[in-house]
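**Student:** Here's the letter readout for the chains.
There are 2 protein chains.
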Amino acid sequence: MRRSITGLSNPTVKYLRSLRDKKHRRREGRFLAEGLRLLTDARESGKLPETLVMAASRDPHPLLSALEEQVEAAGGEILEVTEEVLSKITGKDNPQAVAGVFAEFDSSLASLDRNAAPIWLVAQALRDPGNLGTMLRTGDAVGAGGLILLDNCADPFSVEAVRASMGAIFTQRVAQAEWEEFVPWLRDGAGQLVAASLRDAQPYREASYQAPCFILVGNESRGLPEDYEAECDLRVTMPMRGRADSLNAAVAGAVLAYEVLAQLAP
Amino acid sequence: MRRSITGLSNPTVKYLRSLRDKKHRRREGRFLAEGLRLLTDARESGKLPETLVMAASRDPHPLLSALEEQVEAAGGEILEVTEEVLSKITGKDNPQAVAGVFAEFDSSLASLDRNAAPIWLVAQALRDPGNLGTMLRTGDAVGAGGLILLDNCADPFSVEAVRASMGAIFTQRVAQAEWEEFVPWLRDGAGQLVAASLRDAQPYREASYQAPCFILVGNESRGLPEDYEAECDLRVTMPMRGRADSLNAAVAGAVLAYEVLAQLAP
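Protein chains in written order, with this note's numbering: chain U, 198 to 463; chain X, 198 to 463.
Okay, chain U solo, but in the shape it has when bound (with noise of 0.2 Å):
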């Protein structure tokens, strides 16, 4: 179905802009992303959105007229809109030339097969969009199954996240879970927790990780409570030659999740 939308107060367009509202993402079970390289990577991901809300101004691009043709024949929405709507949309003076609206993923912890893959990335109270969506594509460039959430972290279908994640929300899993249900989960089937920590901790380099592995970070001023560390399996240190005694969390994340690899799958 293709409409043509130019009116800033049409209900649809109140939608749309609604998605950018994490209350509003919760009931309707929808996301935005935005840009075609985004749409792009989703696309060959094999997702498509169920929405494609583009510019009537855009320029031509093989790439967008691909996405155009397999939004429609999936039997999804196509809306043309003024610049000013799509600025309304994702809040920007000078948007990508298109947007989509995506179903959001099963987040249960239950959906996720630990099998698939010798690394997965764990957060615990990660409040910054952009961590998250860098944890995201770090998961994706180290081959990891995807990126559980614990507790309370931003949300991973936030533009922010999506943005930062550069198209890896569409090809990691993501999961959302309290620490109370990730233990049990955990401790169901093989697994090591490991965690960056400064306590009773060994040199990252030096310790031995078996697949598969969590790798747990924690919040970003307050780090991993006490007793989480305590349930980790393996508590590694990276070396802190300077006045601080900590790196930005998905930096730290990262940093590990490489060691891991070399070790893993070299």
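Be aware that a few hints might be false.
[As the list claims (entries may be wrong)] Quick list of in silico lysine to any residue cross-link-like pairs, SDA-like style, CA-CA up to 25 Å: (1) U:K244 to X:R440; (2) X:K244 to U:G439; (3) X:K289 to U:G327.
[Said to hold, decoys possible] Covered, in the sense of this in silico footprint (three residues per stretch, anywhere, with C-beta under 8 Å from a C-beta of chain X), are these stretches of chain U: (4) 334-347; (5) 359-366; (6) 429-441.
These aren't lab readings, by the way, just hints derived from the structure by calculation. Note that the coordinates shown come from a computational prediction; the quantities given were computed from them, not determined experimentally. We treat Cβ as the ideally placed atom computed from N, Cα and C, and that holds for glycine.
Got chain U; can you put chain X on it based on the hints?
**Tutor:** Showing chain X alone in chain U's frame:
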């Protein structure tokens, strides 16, 4: 000197507020750092603010008293302001109770002693202040000498970069230069220039690094220009097991820096 300011239209308030803007920072040669933690990091690194701005309603804190004393002893200015004024200065609804105005540091290449550290981070046209601050933080952790910013990078003295550096803006050297100045400077002494690259590159864990090692990362969306890569002594590649062909710039720099650290200063 100690003063109280309550009026939002006070010229000093306008001046302080203007330091959130790059143009004014450049003209004044001054920048803002917010929060007791950051200011304490600065003090412990031997850097005192010229002006200390405190909420009159602040809670007493021994670290704050220590800071206050030292700033006064050094002839600095103490401003007591209302919370409303502090909000205006910092642009935040719930500002930290304290902020400081610092003189910008000398950021000329000529001021760097390349032999002071085995590792230097170099960023080209890095646009995101969060990535820039994160690179400073990583530099501190790996014992790098500092961060060299090439071409049109984000401002290292912006509030966002200073915040993301978690105090490393006060411990790491920062230099700013154009590529055309950097290459002759680099070649005028010892130094291995290393880039993360996809072209003609060897695996990053099999490469041989030499101090002082300059780790070069490129712009977030375009990466490094081809001729910049060609100038490098070593091009290394990290495993990319997923769909994407690159990592977040700050992450790539960190993974590489930790490998170099393991080789050069284990």
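**Student:** So, for every hint listed, does it hold in this structure?
**Tutor:** Against the structure, the hints come out as follows:
1. The hinted pair formed by K244 of chain U and R440 of chain X meets the criterion: a straight-line CA distance of about 14 Å does not exceed 25 Å.
2. For a cut-off of 25 Å, the pair hint linking K244 of chain X to G439 of chain U stands: about 16 Å separates their Cα positions.
3. For a cut-off of 25 Å, the pair hint linking K289 of chain X to G327 of chain U stands: about 20 Å separates their Cα positions.
4. Under a criterion of three residues with beta carbons nearer than 8 Å to beta carbons of chain X, the stated coverage of the region 334-347 of chain U is upheld, 7 such residues being counted.
5. A stretch counts as covered by a chain when three or more of its residues have a beta carbon under 8 Å from one of that chain; for the region 359-366 of chain U and chain X the count is 4, and the coverage holds.
6. Requiring three or more residues with a Cβ within less than 8 Å of a Cβ of chain X, the coverage given for the region 429-441 of chain U holds, as 7 such residues are present.
Checked against the numbered hints above, the structure breaks none of them.
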